Amino acid sequence: MKRILLTTCGVLGICAITFAQTRQLSGKVTSSDNQGIVSATVKVKGAKNATITNTDGVFSFNAPAGKLVLEVSSVGFVNKDVQVAAGQNTVNVVLTAQVGELADVVVTALGIKKEKKALGYALTEVKGDELTQARSNSVVTSLVGKVAGLNVTSTATGAGGSTRVILRGNTSISDNNQPLYVVDGMPIDNSNRGSAGMWGGSDAGDGVQMINPDEIETVSVLKGGNAAALYGARASAGVILITTKKGSKRKGLGIEVNSNTVVESVVDYTDWQYQYGHGNSGVKPITQSDANGINLNSWGGKLDGTSVMQWDGKSRPYVAQKNNMTDFYKSGTNLNNSAAFYGGSDKMTYNFTIADMNNTSVIPNSTLRRNNFSLNLGMTPVDNLSINVSARYVRERARNRPRLSDSPGNANFTIGIMPTSWDQATFQTSKLDPVTGGEAKFNGNEYVTNPYWAVENFHEEDSRDRLIASIESRYNISKDIYVRGRVATDQYTRASFSMEPQYTQYTSGGSMNRGTNRFREFNSELIVGIQKDLTSKIKLDALAGGNMMQNIDEGQAFGGNNLLVPNFYYINNMKDKWTDYSYYEKRIHSAFGSAEVSYNKYLYVTVTGRNDWYSTLSPTNWSILYPSAAVSYIISEAIKLPDFINYAKARASWAVVGGDRSPYGLNLPYSLNGTTFSGLGMGGIGTGTIPNKNLLPYKVTSQEVGIESRMFDSRFGIDFTLYSKKTTNDIIGSQISGTSGYGSVLINVGEVSNSGAELLLTGTPIKNSKFSWDVSYNLGYNKSNIDKISDQITDAGVDQARSMTASIHHLVGKPFGQIMAFDYKRNASGEILLNAGKAQRGELIAVGSGVSPYTMGINNSFHYGNFNFEFLIDGKFGGYIYSGTNDFAMYRGKSLETLPGREGGVVGAGIDQATGSKNAISVPAQDYYQSIALNISTPFVYKSDFIKLRQIILSYNIPTKDLGKLPFKGASVSIVGRNLLIISKNTPNIDPESNYNAGNAQGLEWYGAPPVRSFGVNLNLKF
Amino acid sequence: MKMKINKYIYSLLIASISITGCTKEFEAVNISPTSVNDLSSDLLFTNTIMGVSGGEYEAWRTNLIYNSQFIQHFASTSWDQGHRYKFDEGYNSSLWDSYYGNPIKNLVNLVAKTKGVANDVNYNSAARILKAYAFMRLTDSYGDIPYSEAGNGYLSGVFSPKYDDQKAIYADIVAELDAAAKGFDAAKPFKGDITSYNGNTTLWKKAAYSLMLRAGMRLSKVDATTAASVVGKAVAGGVMTSIDDAFRIKHLTSGYDNPNSHVLGYYNGSRGELSNNSFKFSTTFIGLLQTNADPRLGILSVVRTGAAGAIGVEDNSAEKQKGLKVGIDPTGLTGIESYSQLRSDFVVADAPNILVSYGETLLLLAEGKERGWVSTGSAEQYFRDGVNASINQLKLYDNGSNSAFGGLFKASDINTYTATTLTYPSTTDAKMKAINEQYYIATLLDEYEAHANWRRSGYPVLVPATTTGYSNGVIPRRFQYPSSESQLNGKNVNAAISKQGANNWATKVWWDK
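Chain order of the listed sequences is G and X. FYI, the numbering for the first sequence is 1 to 1023, going by this note's numbering. FYI, the numbering for the second sequence is 1 to 513, going by this note's numbering.
Bound-form chain X, shown alone:
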């Protein structure tokens, strides 16, 4: 009996050993079946493009609620924080939160992954251009920001990135754009491009230099010398030459819709803000079109009647168009339907997201020429062509769903307007005013750019809303750093604040000084 028991104990011991011994499969168990350790560059690239185009989150808050109303393109009744200068922590930080957490992270990663990989040069270059674009939007909005160490949490273990001077950021953006443009190789793979360029490296180069032109002009107020040299470099590199060269991201009717359309659109799943009569053109914007007798009044602006949830009837009769005054208290406001708003054709789900347009580029060239930074061409011609392109490029929104849309563009009217109706002034100040007022109209919906260019150029001259709000009655000059940064990156953000100035909406960014 004793022997039998011993046998039993032995078998137990063996069982115990087998328990602790079968760890061989542990490494296999710890491999996730739902993620991979790597993805091909084209898949990552496609995702970063969509990331830059962004989402409803910041399109609504930063672009439409704040920028578009600061700049008096729109005035909203439900979302009056922008035109009445009311602070909201979440709205103020939405671009920051969205961009650093998605496109910046994935672009920094893609640039690092493709660096020095011969077959990936096009992904590397394109990612650097997108990265330059995204950082420009961020630094224009907030001033000094984490740049050189940003998005590097995994790659180099930087959890509290330092803030770089905007000056240094702009210098690097220009260098990056140049290097990226030169890096393209049409013989190498370039798939997954969901911009309008569809993998055409020549067009990507034009985008890089057109963006560089924008960056150069941005420095006009703070550092004319650098601005001149950057503008010169951009023009030498080759900017876009037709409306169809516009750098734009494609969107779909299903799944990946245009972020602005998602807020304003009429389709299922959109926020339907136009259908709610919530976003109206401001008196400033409508007034400018009316003063100029701009044919865009009949293209962009309508008075809409009908129930919520549907487009209803859109009336573009010139005499009916009127804007809503910024700063107005929406309480007690009646007859909201009688105010003008954006035509539904511009907020279709598959509207392109235009990052840099040909019209803007020509207007920048006009100003550059006037300043003597552009050697070729005539400033007046750039101006007239720029306005003409700005009008005609609105056809890029035509998705074919409205057969009447094309009919809004009467070539003869447009050409008469740009060639003769529009006067090109004689004094420098008046020229600057005319060019930048046109830039202001041309950048409708790209409100980040409209806000930045207004701050730089001072045109159009905007009368602030008669409300004190958070900015004491001035049109905000920047966004303030999110409170999460004081909580999580306090040392660095405080250093930036002490250098740049008080963390509020009034402090000007470096190029605005």
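Here chain G stands alone, though its shape is the one from the complex:
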């Protein structure tokens, strides 16, 4: 009998396959602990008949009648031959797991599982359960300190902020340098839809933070181009593969409920002067117009408790107000609840998870809520065919994301610089102007906003509704050859609304804007693979395939200024309106292949190649090939080593990968203004960046070598990697002199090199039947160097701080992202030159990189009976940060440094420029310190080194017997804490991890949201 089977293999083709039938042989392959083994190969010895098991380990296929031998094999298990009698229709096989490193199976590029020992490059896998207890709201922040060489930087904005993840250094001067995230085979968008810059703004979060940690089975970190080479054009900054939890066959419905309740509180690292109060030139304000006409200066008189006029026209005691920060910020909460329903039968498995994350920020009225719904279905409708559906819907709602950096609408700024004698509570009680009903004037600069007006009257909200889904089908054409097709999509709609209220000091008319972004990416991939024993010792594992990617980002926005009718923030109520539409589309088509040849299970050689065709390049340049090669040598299998060495492996690899390109970068665009001049259209050059027709994607060539070993009954392990990579043809969106008419130019000549080392040490110092102690230490070091920017440019600006006295530049011959600051004016022998007693601006110098070259983490985990205690300490070293907070605090007389000379003036240390001798001129303290704060910035660049107690978890697994008649099959309760303590830092008044954005300009701090400590309880129940 012949049967025709129709199945779709992705969208790419319809296949028709035929079979001959003999007898139906079925059964189950399990591990020794009775778990079904997925994708085990079941083959009739000496014949072609073969199948693979489904997600429950169940197989069923047509086998010849009569006595035969089944060869059963699966990655991570010892192969087994099983005798089957004639007429026997069912057979169950138990496979023994391989032990130690030999057994590790990891998810590699394109979602292909491989034995870890076969890999010629470093790959770190983190299990999902490490992300859910002492959780942070973004999966990637939970990876901090856990992966050697993973450098994570958060933004100072609270929950819902974006995160910068750098693997093995910043590869490109201009690209965003963040890895590609892939969820169950679907590359997902990680765009940051808004970030704070020099002129303020809010961080609108990134894409990966929408993934629910509860859904994650494993996270595979493909650190270099070597591991990620099969992603070609998108692999330049590494790849992070997220594999979600699948169901498995079991009796009845499995339910797992996890509930995490955490309280967040602000940590106040400030230590200001509290001896002098609000005022100027040592004088206390007398009238209300004195008090609200000057800036937020703490240059007033000595705090003496007398009654002094304040901004709102009320006199209050002139005393120190030390608790403004802790009084203004509230206690926040973060509630995470999730439930997973899972189970399955022979033909189908499922896992359905729902989750609710509800964050109330420490910043008043700022909230974030996220709901995740995910479904993973595994099906084996017929023999040799498996279909997996992975679908997740995420709904996120944010309200009032805090404004950061510059002052307008930024409550953090005003609280941060609040004069020492003012109580923040007065800003709530006297918030309103009695005449306008709007924001009352409280200082001389209308661009500084009353913090309560900012958090209570400004309004912002945004939502994202996202679908990430893939359908993958795999068909085993024969025992050696399979074909796998996949269609996948990531799409979301982001809708945002924001308004600035009428009668805000800096915008009396009020404004609103509303926008919608539609993002869509589609990927269709087809792979043909072969896994064949060429001889008894040589095995081939190869694949070839293609991928089509289409990426569309479309936006519509409109808004207006100046309300016609009060308090009605609707577009038709705006006197002046604007509209905008944006559309970006790009495609990449790819063909790729990979071949791994192994010899006798101890030598593995893999070569891969991927050719990408880019729509964003001109036809002469758009086809580019990315090759790689890797070798793995299991020394301990090949030669006899001393007994104490359980496992030893050496590896080496080389790869070339590329960088993505944005569309429409080839020609000079002209654009039309949004509004006409009484009907006359007007337009001009629509870009501040000079375009370039001959652009190429940049290229990253990398190599790495490494060793892995386990010793002393695997109680001690080491994994060490050395790597180097070189970026060429880097596209430089280099800042150039504004007098050219443009702010930056795109050129294709940049060169960057990175080299470094990654070390992972694991140990089990104590292990006995009752107590064990595991410790894991990782260290990453990356040295970057800007080799070339262009023939003309050796210095490329990235961004500037609001003070305009500090900026981030790339300098040839220096590491990525130097913080540039103005030094004091000095004479030839380095002494400070004062002019009329005041400091003067000297040279602009590169103080150091805003990117820390050293990252480390150490995790200790103690098990005693059912108790488990672990704590994670992490740190970064060697980087710098410019603190605008400290610079501006000096300018406003708030910092401790401004105390000397308040009475009687400051005779500045240095040389009088006019006389050439030691300065003897005394100037008032305010003039002296303001001249420093305004002109000189090196004193405010600090080493950003820190060591933090990042997380602690104390958990108790309630023994099943104690659960008694309760319906639980398992239960555990944990006390968890995150960001509990900064063990060491060098930055006064701020947390050294306070960058205000996640872009390439790292190392700038300017009045962000305060650091938060969280502490709570995690409860996990299984039914």
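Keep in mind the hints are simulated off the structure, nothing from the lab. From a predicted model like this one, the values you see are computed outputs, not experimental measurements. Careful: at least some of the hints might be erroneous.
[Said to hold, decoys possible] From chain G, some residues computed to sit far from chain X (all C-beta separations above 10 Å):
(1) V283
(2) S289
(3) D290
(4) R397
(5) T493
(6) A495
(7) N561
(8) F568
(9) I571
(10) S740
(11) I873
[To be verified] Here are a few chain X residues that face chain G, going by a calculated C-beta distance under 8 Å:
(12) N30
(13) T34
(14) S35
(15) N37
(16) N106
No residue lacks a Cβ here, since even glycine has one placed at the ideal position from N, Cα and C.
Knowing the structure of chain G, use the given hints to seat chain X on it.
Only chain X this time, still in chain G's reference frame:
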């Protein structure tokens, strides 16, 4: 079975080939639906006019915070950086940042695009005049600046433009104005003109030569010979002859409002600085009007009472007018409402932005005549007519919204003042003083020009504020180069600094030496 599998593999191969083969549509995909590769010259032209008029950014910072207070037209309480000589990097560089990034870029591009295009001669000429105007404002403010290579980042790939000598810049500006004026052709298209000229090439020529007169007079101190020849050329070319000839850019109540009004105005969306009592006339300015018994005191100056956000009551009674002393520390200042400020009619949203006025032009002719560089007319008549025009041209601000505004201009008072009250002195120095004091009053709100002419002429004699500030107690003579230039164009800016002098507010520009 084997054959079937082979078929399957073949179909896969075909699928793979089709993946890599369908790149045909790639070029179409890479065309942006939101921008074009070209725009017609009139659309570009309109945009450059608005670019020259500028925006709030530099109008506030360079024009009002710095220039107007350096020159003691105004003294601000909230924005005292100008009259107290306090340095602010962003304020200092705002004109530079705004002009190079927008009007200079688009004007250089428009001039290049229209060069040699027969139908575009009028756009080419008008763009060259606007470009000359914009560069004059820049070089007067900063001295030696990128000129010949500026705005050329795309056209010729110059990313770090060299700095040209101010002398060479002025020579080229004069040549450009002459060539541009001669290039106009009334028979050729000239659309999109949102200046008061509305596409009239005759008026554009007058603007070109009036601007050339200004450029020529600017050189009076440094190079009298060149100044004389440029002034002669300008007069021969034909300068403006009536108040309505004033070269001015139109603005609208909605969308494209006047940049100064945006800062000072009372309307929704403006910064409302007058309503905040933040910008006051200085004692110098009020004092000059009072000493002269100038009828403009009652036209320009008011004492305003009322809540913030509305015009309130504006009282122009002569006895109530008083200025705020420059250099005063705003801390502890009381009764701020009692100080005079600019009447609300001059900061309406659709106020014109006057680039070159008839009154100024006549005053320049008066000085030129006295110096012997202008052959026709009488210096005293130019002076008296110039003052008369300077007063009457204030009516150009009348947008019809205030019916009482016209009544402020009493023709008989004005004529008596200019014909008899005002004395025309006899000595040359006194004449220079009288003419340039009038120029100082006539250029209120065009603070760039007021600051430049004061530096050139030395009149009125201003007493610096009693504060040291960033300039050590002297009225700043120029703006310093932005720190972004040391960061991004270091070699060229350092060459300019070593040639011109220290990069600070005290160093004089070439024509001021």
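Results of checking the hints against the structure:
1. V283: The claim breaks: G:V283 does not keep its Cβ more than 10 Å from every Cβ of chain X (closest is about 6 Å).
2. S289: violated (6 Å)
3. D290: violated (5 Å)
4. R397: holds (29 Å)
5. T493: Answer for G:T493: holds, closest chain X Cβ roughly 19 Å.
6. A495: Correct as stated: the minimum Cβ-Cβ distance to chain X is 20 Å, above 10 Å.
7. N561: violated (5 Å)
8. F568: At roughly 14 Å from the nearest Cβ of chain X, G:F568 sits farther out than 10 Å, so the non-interface label holds.
9. I571: holds (15 Å)
10. S740: Contrary to the label, G:S740 does not stay out of reach of chain X, its closest Cβ about 3 Å off (not over 10 Å).
11. I873: holds (38 Å)
12. N30: Because about 5 Å separates X:N30 from the closest Cβ in chain G, which is inside the 8 Å limit, the hint holds.
13. T34: At 6 Å from the nearest chain G Cβ, X:T34 passes the 8 Å test, so the hint holds.
14. S35: Because about 3 Å separates X:S35 from the closest Cβ in chain G, which is inside the 8 Å limit, the hint holds.
15. N37: holds (6 Å)
16. N106: holds (4 Å)
Against the hints set out earlier in the document, violations occur for numbers 1, 2, 3, 7, 10.
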